[in-house]
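A.B. asks: What follows is each chain in one-letter form.
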Amino acid sequence: MIGLLQNLVDAANLGSLYALAALGVGLLFGILRLVNFAHGDFISIGAYALIVPSFEVTAQLFIGTWNWSLMIPTVMLIVVIVALISDALVFQPLRRASAPTLMIASFAVSYVIQNGILMIYGARPKAANLWSGLDKPILLGELRVPLLQVITIVVTLALMAALTLFLKRTRYGVMMRAAAEDFRMAQYLGVNGNFVIGLAFAISGILATAVSLLYLSQTGTLSPTMGVPLALFAFVAVVIGGMGSLLGAVVGGFLVGFVVIMLQAYLPEELRVFRDAFAFTFVILILLVRPTGIVRTRAFIERV
Amino acid sequence: MLEVNDIHVSYGRLRALKGVSLSVREGEIVCLIGPNGAGKSTTLAAIAGGVAPHRGSIALAGAPLAGLRPEQIAKLGVSLVPEGRHVFGTLTVAENLRVATYMRKDRAAIAGDYDRVLSLFPRLRERIGSPGNRLSGGEQQMLVIARALLTRPRLLLVDEPSLGLAPKIVDQVYEILLAARQSDGLTLLINEQSSHRILKHADRIYVIRSGHIQLHDTAANLRDGEAIKRAYFGFGEDAAAADATDDAEEDAA
Numbered sequence: 001m002i003g004l005l006q007n008l009v010d011a012a013n014l015g016s017l018y019a020l021a022a023l024g025v026g027l028l029f030g031i032l033r034l035v036n037f038a039h040g041d042f043i044s045i046g047a048y049a050l051i052v053p054s055f056e057v058t059a060q061l062f063i064g065t066w067n068w069s070l071m072i073p074t075v076m077l078i079v080v081i082v083a084l085i086s087d088a089l090v091f092q093p094l095r096r097a098s099a100p101t102l103m104i105a106s107f108a109v110s111y112v113i114q115n116g117i118l119m120i121y122g123a124r125p126k127a128a129n130l131w132s133g134l135d136k137p138i139l140l141g142e143l144r145v146p147l148l149q150v151i152t153i154v155v156t157l158a159l160m161a162a163l164t165l166f167l168k169r170t171r172y173g174v175m176m177r178a179a180a181e182d183f184r185m186a187q188y189l190g191v192n193g194n195f196v197i198g199l200a201f202a203i204s205g206i207l208a209t210a211v212s213l214l215y216l217s218q219t220g221t222l223s224p225t226m227g228v229p230l231a232l233f234a235f236v237a238v239v240i241g242g243m244g245s246l247l248g249a250v251v252g253g254f255l256v257g258f259v260v261i262m263l264q265a266y267l268p269e270e271l272r273v274f275r276d277a278f279a280f281t282f283v284i285l286i287l288l289v290r291p292t293g294i295v296r297t298r299a300f301i302e303r304v
Numbered sequence: 001m002l003e004v005n006d007i008h009v010s011y012g013r014l015r016a017l018k019g020v021s022l023s024v025r026e027g028e029i030v031c032l033i034g035p036n037g038a039g040k041s042t043t044l045a046a047i048a049g050g051v052a053p054h055r056g057s058i059a060l061a062g063a064p065l066a067g068l069r070p071e072q073i074a075k076l077g078v079s080l081v082p083e084g085r086h087v088f089g090t091l092t093v094a095e096n097l098r099v100a101t102y103m104r105k106d107r108a109a110i111a112g113d114y115d116r117v118l119s120l121f122p123r124l125r126e127r128i129g130s131p132g133n134r135l136s137g138g139e140q141q142m143l144v145i146a147r148a149l150l151t152r153p154r155l156l157l158v159d160e161p162s163l164g165l166a167p168k169i170v171d172q173v174y175e176i177l178l179a180a181r182q183s184d185g186l187t188l189l190i191n192e193q194s195s196h197r198i199l200k201h202a203d204r205i206y207v208i209r210s211g212h213i214q215l216h217d218t219a220a221n222l223r224d225g226e227a228i229k230r231a232y233f234g235f236g237e238d239a240a241a242a243d244a245t246d247d248a249e250e251d252a253a
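Heads up: the sequence lines are chains A and B, in that order.
Under our numbering, read the first sequence as residues 1 to 304, first letter to last.
Under our numbering, read the second sequence as residues 1 to 253, first letter to last.
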């Protein structure tokens, strides 16, 4: 019983990270029909922004030593700037391009960022200690929950609530929802297309930063491709959740986290190395049952 | 106020407009009629900036619109009600209407306009909190017209307002368009597939077929409908001649 509860907390923790990453991916897909493979690299940048550029194996924190109230906005600013620059240089000239063209362009952005990190910080993984005080467990009866996991879950829920409020209650949020539904019609009504897309990139960057910080503080390791697996699972989450639906992205993220943790916990030991293969089999099963994803949206219906 | 001069538009290899020219004067109601696929929607989309002509020019009050994005053209006072309605389905009626006001600088006037538009469409006031995709076809048509009026346009482009609506609703839609024209000093350019309703209201009529303007005259001169029929179906000598040059051009391409 305690084992199961422990696993459920782990699943909520991992699901939170996937859901946050999936929201960043889903937001851009909704507005731009862009499947942004560079999202994982936005996550990597958020983590690397904390340390002093060097080829050393042990990372020396720079921005990472600042007080959190200054550090978090600074890192967010850096990631948002990178996201906005990639929009201005790569995606803006491709506004009338097809969705596959945009996706391929995002691969290019991804490689450029990864190689940029390689040139500045070196290829070897680095150890970095962010918020090391937070790994103390909280005891709930017999249940031991690391404080960091609680923070991860709470931060994720808070960000989701903030994003929902933004989208429902503010004029820019309403603009974004209108543009996500029918971009051209929104433009005909005077909504500035480039502004809305820029806003989506910025929010996507903020969500990526949250993933960077939470993920790094849990794993303590940096590598130039650290964001790639997170982004990969985020895509899976977006697809099974229902392309174009933010709610779907969140549901998909938590579901994928849950499946991965449960497989990790309950697969026989000798099969555990194939955990991801089982996870993706599960994804295929979901898509066989619900090809449009868990939450149906217009974006998909239109394509059929 | 609007001058469209010899515009050509292609979608890939399909040539949708092969040199369309038309003009609309301040305060007029001009109607563009033609069969399905004639290029009516493309003409309106080109004026609103949704598609870019590769030849020809469009000018609003003397200022060229070439290279402007749709939202910039909207800010100049051109509003398009596209075919197929394009309601934002997950947004409420109120949100759909609000989207149209965000570009406006005259904040003070917006609340008044919002009230006025809702009194033109009492049905929308009743459904103010419903998501757009729950509305009936007629209600959606009213919503997109109300939304377009809230951008405070000088020139309203309406693409097939009667498509898929019951005749009674269509009458209502026209009544409202005419009322809005009176109160806002609107200029209207309306696309329709059939001419019978529009002959009553329009000042001038253009007939378009396979990407060419086939006929242009005042509604008064076209009242008997014969000339329109000939141009529409391509029975006239002019139309046949245009078709012949078309085929020749296509062969050359």
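Honestly, the hints are just simulated from the structure, not real lab data.
Please note that a few of the clues may not be correct.
To be verified - Listed below are the simulated SDA-like cross-link pairs for lysine to any residue, each with C-alpha atoms no more than 25 Å apart in a straight line:
#1 K105(B) - N192(A)
#2 K75(B) - N194(A)
#3 K168(A) - L285(A)
#4 K75(B) - L14(B)
#5 K168(A) - R125(B)
#6 K168(A) - S23(B)
#7 K136(A) - S194(B)
#8 K105(B) - F195(A)
#9 K75(B) - P73(A)
#10 K168(A) - A108(B)
#11 K105(B) - P73(A)
Said to hold, decoys possible - Covered by chain A, per the in silico footprint, the following chain B stretches (three or more residues, Cβ under 8 Å):
#12 73–85
#13 96–102
Backbone N, C-alpha and C fix where the C-beta goes; we use that ideal spot for every residue, glycine too.
A.B. asks: Each hint should be assessed against the structure and marked as holding or not.
C.D. replies: Going down the list of hints, with the structure as the test:
Taking the CA atoms of K105(B) and N192(A), the gap is about 14 Å. The hint holds against a cut of 25 Å. Distance hint between K75(B) and N194(A) is fulfilled; the C-alpha atoms sit about 15 Å from each other, no more than 25 Å. Taken as a hint, the K168(A) and L285(A) pair is broken in the structure, with Cα atoms around 34 Å apart against an allowance of 25 Å. About 31 Å separates the Cα atoms of K75(B) and L14(B), which puts this hinted pair outside 25 Å; it is violated.
Proximity of K168(A) to R125(B) is assessed by CA-CA distance (about 20 Å); at most 25 Å being required, the pair is judged to hold. Of the supplied pair hints, the one linking K168(A) and S23(B) is violated, its CA atoms being roughly 42 Å apart against a limit of 25 Å. Distance restraint check for K136(A) and S194(B): the Cα-Cα separation of roughly 75 Å exceeds the 25 Å cut-off, and the hinted pair is therefore not satisfied. Annotation: proposed proximity of K105(B) to F195(A) holds, straight-line Cα distance about 17 Å (limit 25 Å).
Between K75(B) and P73(A) the CA atoms are separated by roughly 35 Å; this puts the pair beyond 25 Å, and the hint is violated. Pair hint K168(A) plus A108(B) holds up; C-alpha atoms about 23 Å apart against a cutoff of 25 Å. Between K105(B) and P73(A) the CA atoms are separated by roughly 32 Å; this puts the pair beyond 25 Å, and the hint is violated. Coverage of a stretch by a chain is defined here by at least three residues with a beta carbon nearer than 8 Å to that chain's beta carbons; for the segment 73–85 of chain B and chain A the count is 5, and the condition holds.
With a cut-off of 8 Å between beta carbons, the segment 96–102 of chain B has 5 residues touching chain A; three or more are needed, and the interface restraint holds.
Going down the numbered hints, you'll see the structure goes against 3, 4, 6, 7, 9 and 11, while the others check out.
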